[in-house]
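Undergrad: Sequence:
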Amino acid sequence: MLKTSSGYKALMRSMSTSLILHEKAQTTIQKARLVRPFVEKIITCAKKKNLASIRKVAADIHDKQALKKLHEVLVPRYENRNGGYTRILKVGLRQGDAASIVVIKLLQ
1 MLKTSSGYKA
11 LMRSMSTSLI
21 LHEKAQTTIQ
31 KARLVRPFVE
41 KIITCAKKKN
51 LASIRKVAAD
61 IHDKQALKKL
71 HEVLVPRYEN
81 RNGGYTRILK
91 VGLRQGDAAS
101 IVVIKLLQ
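First residue of the sequence shown? That's 1 in our numbering, and the numbers climb one at a time after it.
Derived from the structure by calculation, the hints contain no laboratory data. Even glycine gets a Cβ: it sits at the ideal position worked out from N, Cα and C. Zero decoy hints are in this set.
Label pairs and their computed distance ranges (CB to CB):
no. : residue 1 : residue 2 : range
1   : K3        : R94       : 16 to 24 Å
2   : L51       : D97       : 41 to 49 Å
3   : G92       : H71       : 31 to 39 Å
Think about it this way: if two alpha-carbon atoms lie no more than 27 Å apart in a straight line, the pair counts; the simulated DSS-like pairs of lysine-lysine are:
no. : residue 1 : residue 2
4   : K47       : K105
5   : K3        : K41
6   : K9        : K105
7   : K24       : K3
8   : K105      : K68
Make the full structure from the sequences, and use the hints.
TA: So this is what it looks like as structure tokens:
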């Protein structure tokens, strides 16, 4: 699917930023399965609330609004949860190429 590491990093950053800002994203099942552990690790790291974890999260997420929402909204929401912050729901097939489309969303 992705041939270069720069393409992989760009996909992870853009999809995770979109997921944090909008709390859901519609994509193919392959991309959702790639993004899910990346986002879960970011949220778990942000929950530590120390300087090193804040810098690590900021290195992965470059959008200031997404960082603000992550620290002010999502970290308090998942304070008592030890993982499993996302859910992947199948939506159907894409009309052009019949690729399986899913919605990846953050749990409440």
